[in-house]
Amino acid sequence: MREYFPTYTMACTIETMDVRTRNDDDPTHAASMVDDIPADWWEEFEAAWGRPLKTRMRYAFIRTYKPVLDDAPFRSFETTEAYRQWCERNLPDWLGYGRV
Amino acid sequence: MGAFDYRQAEEVRDAFGRHHVRYLFIGKSGAILLGFPDTTQDADLFVERSTANGRAIVQALRELGFDLTDDQAVDIERGKDFVQIKNGPFDLDLIFAPDGIECFADAWERRLEVEGFPVCHLDDIIASKEATNRQKDRESLPRLRSFRTYWLSKQ
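Heads up: the sequence lines are chains Y and S, in that order. Per our numbering: the first sequence = residues 1 to 100. Per our numbering: the second sequence = residues 1 to 155.
No lab work stands behind these hints: they were computed from the structure. Check before you lean on any hint, since a few could be wrong.
Stated by the list, open to error - With beta-carbon atoms standing in for the labels, derived distance ranges: (1) Y:Ala30 x S:Asp70: 49 to 55 Å; (2) S:Arg7 x Y:Asn90: 52 to 58 Å; (3) S:Asp14 x Y:Asp26: 21 to 27 Å; (4) Y:Asp35 x S:Thr69: 20 to 26 Å; (5) S:Asp71 x Y:Ser32: 32 to 38 Å; (6) Y:Arg89 x S:Asp123: 47 to 53 Å; (7) Y:Glu88 x S:Thr39: 48 to 54 Å; (8) S:Asp106 x Y:Val68: 21 to 27 Å; (9) Y:Asp36 x S:Gln59: 44 to 50 Å; (10) S:Arg138 x Y:Val68: 18 to 24 Å.
Glycine included, every Cβ here is placed at the ideal spot set by N, Cα and C.
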């Protein structure tokens, strides 16, 4: 059987493919972008980066009831636009699915 | 039903791999796999639209314990743009045509792999959220863009 996806053992080792834009390769630009990250976000990014994926997922995926959205076992939409419109017509505003 | 967890993600990866499904984690669930610290409820999968892939998805989902009717299976095999499934061991959104991404093949070329999980490139995840432009996307994008900068600094 063909092996599709190689596995990695380090927490955040990622096979990167052309991840940088021209600006990203400009050290001055990149440094200023890093400096723009709020300190509390930076600390959160650092903390998460040091955790194994399994732990990150345990912290990240939560389960709460979402009215209407969770009330049907299956929905399908011909177009993504139809789905967006359905969300705007049917879901409470506070869920945040309405477009700005 | 509990929250989506690592073991279930492994089951998705393994079942989809066995059936040769072409898919990518996308949305906040994809960003989380790349290291983004935030919370979400659903696993979102960008899936390639083709008859063969649709059939493979249905087989894999049934193997995972999703109770799909024949009509529901046809919707997936046809590749309707957006399919939301809540009749299985965890909630899953299948997205055949996400906002802001031209085609699956392009996203596949740019994909990243984390512990064997195929994930959309962070730029595609951001582009998709920018194009969707929901209130919840607007709220999460500044932090996600900052994470992109952080993430690049770690490469």
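Status of each hint after checking the structure:
1. Y:Ala30 x S:Asp70: 49 to 55 Å: Because 53 Å falls inside the window, the suggested range holds.
2. S:Arg7 x Y:Asn90: 52 to 58 Å: violated (33 Å)
3. S:Asp14 x Y:Asp26: 21 to 27 Å: violated (41 Å)
4. Y:Asp35 x S:Thr69: 20 to 26 Å: violated (54 Å)
5. S:Asp71 x Y:Ser32: 32 to 38 Å: This hint is violated: roughly 54 Å between Cβ atoms.
6. Y:Arg89 x S:Asp123: 47 to 53 Å: violated (31 Å)
7. Y:Glu88 x S:Thr39: 48 to 54 Å: violated (23 Å)
8. S:Asp106 x Y:Val68: 21 to 27 Å: Once the Cβ atoms are compared, 34 Å apart, the range 21 to 27 Å for Y:Val68 and S:Asp106 is violated.
9. Y:Asp36 x S:Gln59: 44 to 50 Å: holds (47 Å)
10. S:Arg138 x Y:Val68: 18 to 24 Å: holds (21 Å)
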